[in-house]
Amino acid sequence: MSDNKPLVDVRDLKQYFPVKSGLLNKLTLKAVDGVSFTIDKGETLGLVGESGCGKTTVGRTLLHLYKPTAGEVWFDGKLVTDKNIGEFRKDMQIVFQDPYSSLNPRMTVSDIIGEPLDIHHLYANKKERADRIAELLTLVGLNSEHANRYAHEFSGGQRQRIGIARALAVNPRFIVCDEPVSALDVSIQAQIVNTFEELQQKLGIAYLFIAHDLLVVQHMSRRIAVMYLGKIVEIGPAADIINNPIHPYSQSLISAIPMPDPEAARHKHRIVLEGDVPSPLHMPKGCPFRTRCRYATDACAESCPSLTDRGEGRQVACHLM
Amino acid sequence: MSNVPLLQVRNLHTSFYTDAGEVRAVNGISYNLDRGKVLGIVGESGSGKSVSAYSVMRILTDTGRVTEGQVLFNGEDVLKYTPQQMQAFRGSRISMIFQDPMTCLNPVFTVGSQLREAIRIHTDRTKEQIQARALEMLQLVGVNEPEKRLKQYPHELSGGMRQRVMIAMALACEPDILIADEPTTALDVTIQAQILELMQSLQKKLGMAIIMITHDLGVIADICDEIIVMYAGKVCERGTADEIFYNPRHEYTKGLIRSIPRITERHEKLIPIAGTPVDLLNLPAGCAFASRCDCAMKICLKEQPQEIWVNDSHIAACWNNVKRMAEASEEMRPYE
Ligand SMILES: Nc1ncnc2c1ncn2[C@@H]1O[C@H](COP(=O)(O)OP(=O)(O)OP(=O)(O)O)[C@@H](O)[C@H]1O
Ligand SMILES: Nc1ncnc2c1ncn2[C@@H]1O[C@H](COP(=O)(O)OP(=O)(O)O)[C@@H](O)[C@H]1O
Ligand code: SF4
Ligand code: SF4
Ligand SMILES: [Mg+2]
Ligand SMILES: [Mg+2]
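Those sequence lines, one after another, are chains A and B.
If you use this note's numbering, the first sequence corresponds to residues 1 to 321, in order.
If you use this note's numbering, the second sequence corresponds to residues 1001 to 1336, in order.
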């Protein structure tokens, strides 16, 4: 396999959910509507956007936790299908947002981390299993003595580490991190972010890093994709997206980051968006951002802009910019 | 106008009496709040931010009690108010908004009936005037199609809109002080920006004071005149935003500020604060941060650091400052 092939290649991925409204009315909720991106080996792609825009659904559909409505997912040059997904389970893992609810409080830490080892038969005997669990705990900055304690005995940051150790148990090459630090205090958040980065350097794991804290995302990611209502509206190198966003939605998103720096806060010009995100059930015709965009023209109501290349690895979906 | 600050909190202590023992959530905090100012309270989860606010509002749960201290509003001790006085005080002088708007909104009543009720209790307006005021409040907080919203139930609104309805209810009686406990933590940055902008403009328009509780240092830097940093129920440091961010004088504040990711330092490693939060059931004799502090000295384990004035708008409670001062004074001693 040549090395310049992306590890993960997502092509025109769609996830539509049927929803009932009223008695007879069936509507389609287009949670993810034609999303494409690639992630290289050992790379982090950040995924940002308002809540409900489809970030989690992208992550879950990509892992075939939801059957894709349409589109393709290629992993390491092979097409992932419903039939062969089992072969890829070991390589593609997920870490969830909420360290409080994603772990079963009645399981011990060694049960939680050992479960994927059991499922994939990754040890020859009991001792090997215990050694591997101890190794994983050390890897994520916990203590091997923690193995026999229950998840509810741990703090939020420690639970998040248990979740990461569980994902790492099967030696994945790619992890979807869905808001892995959003529920944590900044000082604890810094510990977990460092853990993710150290693991990437040590083990060469690629991440799809979903978060709404843009400061954390830009710190973690080489490239960032900005989503709005089920579509990627801009994707490119992290520094370029943060310093010079092109899409009007990215511009307002970046300008809204609360800067932990009084001097920067004084000089910042916030672009405050009017109104709320439209419901994905009643998507506006044309550009999905049209109802809140200060540049919108008649042309924007007619057709939906597609992602076009703007050079230097950047793509933007806007008629005007 | 008198020179008495609008709100003075003096040496406030609050504990919860639980089966496991006395949880000492607030351990002697003091601050002043002037009319029209924004005071920020930051600190990690469990540091006593919310409990200190609940103590001022006197809305602690049954197991909680203020064990010491004073809360002076225009010089009067709120902790000595009768329940009737307290109810009047809460409605008209001070209001509170929360992270989860559903703690204030009742899912089975329309937005209109709840907003009208909030107005009715605290004013003697006619029915028509109340309705007009309700509409006006929704417009003030930037809710679109206010007539329609009045007839809707809370679950029919988006998160940002519910937050605004809650703010409208809190402001309906034009309080002198608004306490906002993580008002934007559950919201997206773009909606958060809308709500912060709204709070700032209302604060200017109505001249009220705001106590903003959050663990988001970005929000704090953005809108606060003065900042209190809390740790284990105490004030470690108090000062203007510039002093806290550019000249922190408590080791916990320094660690907190070091740990935030910054746009310019993309490739550098983040610097977390090691260790775990202190157990409020067993507070140490000395500085509560000592077990996590790289600079801890012998005295830090034995004695609690006193609040020291760094300058006339900056206070820190850390032995390091005393050491620094002692070193400085050593230099000043006459040469023998
Ligand atoms: N009803 C209660 N009974 C017992 N302990 C309580 C109660 N309410 C709060 N505490 C404790 O008091 C301490 C301070 O809690 P508080 O809610 O003020 O923290 P906070 O700083 O607001 O944290 P967060 O950022 O998580 O909101 C915590 O240790 C908490 O567990
Ligand atoms: N299982 C599901 N059934 C129906 N709708 C869903 C389901 N999961 C998510 N959605 C909807 O799809 C949209 C995108 O959701 P999600 O991916 O969770 O957003 P995000 O992670 O960006 O906050 C939302 O409107 C959400 O309500
Ligand atoms: S296509 Fe039009 S409405 Fe959409 S973002 Fe661009 S300018 Fe705004
Ligand atoms: S008083 Fe001592 S232990 Fe506490 S923060 Fe200051 S130096 Fe550290
Ligand atoms: Mg999500
Ligand atoms: Mg709180």
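Worth double-checking, as some hints may not be accurate.
Said to hold, decoys possible - Straight line, CA to CA, 25 angstroms or less: simulated PhoX-like cross-link-like pairs of lysine-lysine:
1) A:K90 x A:K67
2) B:K1269 x A:K202
3) A:K41 x B:K1037
4) A:K5 x A:K78
5) A:K26 x A:K41
6) A:K268 x B:K1204
7) B:K1254 x B:K1269
8) A:K126 x A:K90
9) A:K14 x A:K30
10) B:K1269 x B:K1298
11) A:K202 x A:K90
12) A:K67 x A:K20
13) B:K1037 x A:K268
14) A:K5 x A:K26
15) B:K1269 x A:K20
16) A:K14 x A:K83
17) B:K1037 x B:K1269
18) A:K78 x A:K41
19) A:K78 x A:K20
20) A:K127 x A:K14
21) A:K30 x A:K90
22) B:K1254 x A:K268
23) A:K20 x B:K1151
24) B:K1323 x A:K268
No wet-lab data here; the hints were simulated from the structure.
Each hint tested on the structure:
Taking the CA atoms of A:K90 and A:K67, the gap is near 18 angstroms; set against the 25 angstroms cutoff, the hint holds. Between B:K1269 and A:K202 the CA atoms are separated by roughly 15 angstroms; this keeps the pair inside 25 angstroms, and the hint holds. Of the pairs offered as hints, the one joining A:K41 and B:K1037 is violated, with about 51 angstroms between alpha carbons and a cut-off of 25 angstroms exceeded. Note on A:K5 and A:K78: the hinted pairing holds, with a Cα-Cα distance of about 11 angstroms set against a maximum of 25 angstroms.
Under the criterion of a C-alpha separation no larger than 25 angstroms, the hint pairing A:K26 with A:K41 is inconsistent with the structure, at around 41 angstroms. Distance restraint check for A:K268 and B:K1204: the Cα-Cα separation of roughly 19 angstroms lies within the 25 angstroms cut-off, and the hinted pair is therefore satisfied. A distance of roughly 16 angstroms separates the Cα atoms of B:K1254 and B:K1269; the hinted pair therefore holds under the 25 angstroms criterion. The suggested pairing of A:K126 with A:K90 holds, with an alpha-carbon distance near 21 angstroms, which does not exceed 25 angstroms.
The suggested pairing of A:K14 with A:K30 holds, with an alpha-carbon distance near 8 angstroms, which does not exceed 25 angstroms. Between the alpha carbons of B:K1269 and B:K1298 the distance comes to roughly 30 angstroms, so the proposed pair goes past 25 angstroms and is violated. Taking the CA atoms of A:K202 and A:K90, the gap is about 18 angstroms. The hint holds against a cut of 25 angstroms. For the given pair, A:K67 sits about 19 angstroms from A:K20 by alpha-carbon distance, which is consistent with the 25 angstroms threshold.
Simply put, B:K1037 and A:K268 have alpha-carbon atoms about 21 angstroms apart, close enough for the 25 angstroms limit, and the pair holds. For the suggested pair A:K5 and A:K26, the alpha carbons sit about 41 angstroms apart, so the restraint of at most 25 angstroms is broken. About 48 angstroms separates the Cα atoms of B:K1269 and A:K20, which puts this hinted pair outside 25 angstroms; it is violated. Distance hint between A:K14 and A:K83 is fulfilled; the C-alpha atoms sit about 19 angstroms from each other, no more than 25 angstroms.
Annotation: proposed proximity of B:K1037 to B:K1269 is violated, straight-line Cα distance about 36 angstroms (limit 25 angstroms). Taken as a hint, the A:K78 and A:K41 pair is honoured in the structure, with Cα atoms around 14 angstroms apart against an allowance of 25 angstroms. For the hint pairing A:K78 with A:K20, the CA-to-CA distance comes to about 36 angstroms; that exceeds 25 angstroms, so the pair is violated. With a C-alpha separation of about 44 angstroms, the suggested pairing of A:K127 with A:K14 is violated against the 25 angstroms cut-off.
Taken as a hint, the A:K30 and A:K90 pair is broken in the structure, with Cα atoms around 29 angstroms apart against an allowance of 25 angstroms. For the hint pairing B:K1254 with A:K268, the CA-to-CA distance comes to about 24 angstroms; that is within 25 angstroms, so the pair holds. A distance of roughly 24 angstroms separates the Cα atoms of A:K20 and B:K1151; the hinted pair therefore holds under the 25 angstroms criterion. Using a Cα cut-off of 25 angstroms, the hinted pair B:K1323 and A:K268 is violated, with the two alpha carbons roughly 38 angstroms apart.
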